[in-house]
Amino acid sequence: MSNSPQFFTYVEICNCTGLPKETLYKFIEREWICPDETQSDQKRLDDQDLARIHLILDLQRVFGANDEAIPVILHLLDQIYHLRSKIKKITES
Amino acid sequence: MPSNPYETLGVKSNASQEEIKNAYRKQAKRLHPDLNPGNKQAEAKFKEINGAYESVGTEEARAKYDRGESDAQAQAQAHAQQQEYARSRQGPYYSQTQSAGGQSRYQQPFEGMDEDIFSSLFGRGGGAWSGGGPQRAQDENYTMTIDFKDSILGVEKEISLPTGKRLRVKIPPGIESGKKLRFAAQSADGKGNLYVEIQVTPSETFTRVGDHLEIEIPISISEAILGAEIKVPTLDGSVMLKIPSSVSSGQKLRVAGKGVRDKGDQLVKIKIVSPPAKENAIDDELKASVEAWSRRHPFNPRETRGAT
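Protein chains in written order, with numbering that gives the first Met the number 0: chain A, 0 to 92; chain B, 0 to 307.
Hints listed in this document are in silico derivations from the structure and should not be mistaken for laboratory results. All C-beta atoms, glycine included, are put in the ideal place defined by N, C-alpha and C. It cannot be assumed that every hint is accurate.
To be verified - Pairwise CB distance ranges, derived in the manner of DEER restraints:
(1) B:Ala-43 - A:Arg-60: 16 to 22 angstroms
(2) B:Phe-182 - A:Asp-40: 23 to 29 angstroms
(3) A:Arg-60 - B:Gln-40: 19 to 25 angstroms
(4) A:Asp-66 - B:Ala-43: 27 to 33 angstroms
(5) B:Glu-17 - A:Asp-66: 19 to 25 angstroms
(6) A:Asp-40 - B:Glu-213: 54 to 60 angstroms
(7) A:Glu-36 - B:Lys-262: 23 to 29 angstroms
Given only the sequences and the hints, what does the whole structure look like? Please build it.
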């Protein structure tokens, strides 16, 4: 992630991914995608959310993951990335 | 870029739609950039098979492709499909957005979490994973202990935060214990503020009084009577201090500019110490001469206080 992430509105994200608005809302409702509530304007999704949406779509379409498996996969992935960055920091210091 | 999507997917041109889909999925699972972080080759190949799948993944697209297969138009079309995929799949892959470390909203719930994976997965909200969405920007607090000298003269230090991040902390001269330095937007997620509370180790020699430093210096009776020049420690080396004749205990002599940098002075509090009784330092000679002197020069320092 770059230091100054670019933020998008829900509409921009839908246009970019071809995702129907209802589906995006469903992703957010299920907390698969968590908009940045600290952003004051309507632009609450950034490039990591965009990438995460693509990942969810890949999980559904390519990997055949169902709606129950997706949050588990996302959670484990996030945990791996967290550990990865932890390890990176430890080895760097 | 290979122009034949069947070859790219590793299927025969007469393969069934189901076979194509299976071949695509098989390869995609292996090559997905989020399963191969940092592997550019896998990423390029993944894009390639996706482009190929766009070309022949559906009956409709495939029919279109097959119709024009023999001519250059088909190649151009396949290429266009691949371009189209690249366009629709804008932005980085998820793993690429998570590599910066410590900044991602999605990693934040794990910060400081030492439980095992399963308690984090199923422990919340009575069973189902409740998402653990990002919280509002959180401030972080740290404590830093510094020397008394550094607190008076100011110092610049680099500290390592538990997150591994290094932070340069400029401590202004004259900082007091308990004071918090604020670093805007320096928390692990980059949104909250980071506060460093300063704890100053007290000095055994100096006492701080506002911007001034106080030190108690013992002098002998003869130095108090005759005056002297003595060596006095300051925070940055010793200085020579002139003790005027007739100085009293408790009197404070000023050493300018040796307190809080650019602000305060050092005050030297005089403490007159009698010769030790133990070693018979107060002998008959001393007693006799003081007695003789006192008789001729009556002096009562308590007079002004109404005491006798």
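For each hint, the structure was consulted:
Checked against the hint of 16 to 22 angstroms, the pair Ala-43 (chain B) and Arg-60 (chain A) passes, with Cβ atoms roughly 20 angstroms apart. Hint check: Phe-182 (chain B) to Asp-40 (chain A), Cβ distance near 25 angstroms, so the stated range 23 to 29 angstroms holds. For Arg-60 (chain A) and Gln-40 (chain B), the Cβ-Cβ distance of about 23 angstroms falls inside the hinted range of 19 to 25 angstroms, so the restraint holds. Between Asp-66 (chain A) and Ala-43 (chain B) the beta carbon distance is about 31 angstroms. The supplied range of 27 to 33 angstroms therefore holds.
Between Glu-17 (chain B) and Asp-66 (chain A) the C-beta distance comes to about 23 angstroms, which sits within the given range of 19 to 25 angstroms. Between Asp-40 (chain A) and Glu-213 (chain B) the CB atoms are about 56 angstroms apart, so this pair conforms to the stated range of 54 to 60 angstroms. For Glu-36 (chain A) paired with Lys-262 (chain B), a C-beta distance near 44 angstroms fails the hint of 23 to 29 angstroms.
Violated hints amount to a single one, hint 7; each of the other numbered hints is respected by the structure.
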